[in-house]
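**Student:** Sequence:
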Amino acid sequence: FLNRELVSSLVRLAGPRPEGGMGLSVYKADGVESARNRDRVESLASLPENKICADCPLHGPRWISINLGAFICLPCSGIHRNLGVHISKMRSVSMDALNDDWMDNMERVGNKRLNLEWQAQVPAGDALPTA
Numbered sequence: 190f191l192n193r194e195l196v197s198s199l200v201r202l203a204g205p206r207p208e209g210g211m212g213l214s215v216y217k218a219d220g221v222e223s224a225r226n227r228d229r230v231e232s233l234a235s236l237p238e239n240k241i242c243a244d245c246p247l248h249g250p251r252w253i254s255i256n257l258g259a260f261i262c263l264p265c266s267g268i269h270r271n272l273g274v275h276i277s278k279m280r281s282v283s284m285d286a287l288n289d290d291w292m293d294n295m296e297r298v299g300n301k302r303l304n305l306e307w308q309a310q311v312p313a314g315d316a317l318p319t320a
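In the working numbering, the protein residues as written are 190 to 320.
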């Protein structure tokens, strides 16, 4: 399903980066940064548009794609992991130490904006995938 056009739209959606491309920082947050971002991620997860997986209709996603900026359910997170980190970088909402850069991207994108871009060409009446 992923082709050059979809990857290009992902790069546009993620926005410009000083490092170029989709580069996000790779460091794990220290205790203070992680605690601060735990509140941020829970606040974002409570938004109506993020209460449903970005890829399927399951409620209460507890995984995030830090480079796509999306909240994802457990079954779909496995699919994302199999795509490779060059496509989607998965982190747990509750188990990982989330850094500021990753959370900035989550605030910038979110499920609503992501799906406005990625599902823009889905014909009316086509069913979304299910986990």
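Since the hints were made in silico from the structure, they are not lab data. It cannot be assumed that every hint is accurate.
As the list claims (entries may be wrong) - Mimicking DSS-like on lysine-lysine, the simulated pairs with C-alpha atoms at most 25 Å apart in a straight line are:
no.: 1; residue 1: Lys278; residue 2: Lys301
no.: 2; residue 1: Lys217; residue 2: Lys278
no.: 3; residue 1: Lys301; residue 2: Lys240
no.: 4; residue 1: Lys278; residue 2: Lys240
Stated by the list, open to error - Derived Cβ-Cβ restraints for the label pairs, each shown as a range:
no.: 5; residue 1: Pro318; residue 2: Pro237; range: 33 to 43 Å
no.: 6; residue 1: Ala313; residue 2: Ser214; range: 20 to 30 Å
no.: 7; residue 1: Gln310; residue 2: Ile268; range: 15 to 25 Å
no.: 8; residue 1: Pro312; residue 2: Ala224; range: 24 to 34 Å
no.: 9; residue 1: His275; residue 2: Arg229; range: 24 to 34 Å
no.: 10; residue 1: His248; residue 2: Lys217; range: 27 to 37 Å
no.: 11; residue 1: Asp219; residue 2: Ala313; range: 22 to 32 Å
no.: 12; residue 1: Leu317; residue 2: Asp219; range: 19 to 29 Å
no.: 13; residue 1: Gly273; residue 2: Ala316; range: 22 to 32 Å
no.: 14; residue 1: Ala224; residue 2: Ala313; range: 22 to 32 Å
no.: 15; residue 1: Cys245; residue 2: Lys217; range: 39 to 49 Å
no.: 16; residue 1: Ala224; residue 2: Arg251; range: 30 to 40 Å
no.: 17; residue 1: Asp289; residue 2: Pro312; range: 30 to 40 Å
no.: 18; residue 1: Arg270; residue 2: Asp219; range: 23 to 33 Å
Remember, predicted model here, so these are calculated numbers, not experimental data. Glycine included, each C-beta is placed from N, C-alpha and C at the ideal position.
**Student:** A separate judgement is required for each hint: does it hold in the structure or not?
**Tutor:** Comparing the hints with the structure gives:
1. Between Lys278 and Lys301 the CA atoms are separated by roughly 19 Å; this keeps the pair inside 25 Å, and the hint holds.
2. About 13 Å separates the Cα atoms of Lys217 and Lys278, which keeps this hinted pair within 25 Å; it holds.
3. For the hint linking Lys301 to Lys240, the alpha-carbon distance of about 11 Å falls within 25 Å, and the restraint holds.
4. In summary, the hint linking Lys278 to Lys240 is supported, as the alpha carbons are separated by about 20 Å, within the 25 Å threshold.
5. A hinted range of 33 to 43 Å is violated for the C-beta pair Pro318 and Pro237, which are about 21 Å apart.
6. For the pair Ala313 and Ser214, the supplied restraint of 20 to 30 Å is violated, since their beta-carbon distance comes to about 39 Å.
7. Between Gln310 and Ile268, the C-beta spacing of about 20 Å keeps the proposed range 15 to 25 Å intact.
8. The hinted window of 24 to 34 Å between Pro312 and Ala224 is violated, with their beta carbons roughly 45 Å apart.
9. For His275 paired with Arg229, a C-beta distance near 26 Å keeps the hint of 24 to 34 Å intact.
10. Range check, His248 to Lys217: about 29 Å between beta-carbon atoms, so the 27 to 37 Å window is met.
11. Separated by about 47 Å at the C-beta atoms, Asp219 and Ala313 break the suggested range of 22 to 32 Å.
12. Checking the proposed 19 to 29 Å range against Leu317 and Asp219 shows it is violated: the Cβ atoms sit about 38 Å from each other.
13. Distance hint check: the CB atoms of Gly273 and Ala316 are about 26 Å apart, consistent with the given range 22 to 32 Å.
14. At roughly 44 Å, the beta-carbon separation of Ala224 and Ala313 lies outside the given 22 to 32 Å, and the hint is violated.
15. In this structure the hint that Cys245 and Lys217 lie 39 to 49 Å apart at CB is violated, the actual value being about 28 Å.
16. A beta carbon spacing of about 18 Å between Ala224 and Arg251 contradicts the range 30 to 40 Å that was offered as a hint.
17. Checked against the hint of 30 to 40 Å, the C-beta distance between Asp289 and Pro312 comes to roughly 39 Å, which is consistent with it.
18. Hint check: Arg270 to Asp219, Cβ distance near 25 Å, so the stated range 23 to 33 Å holds.
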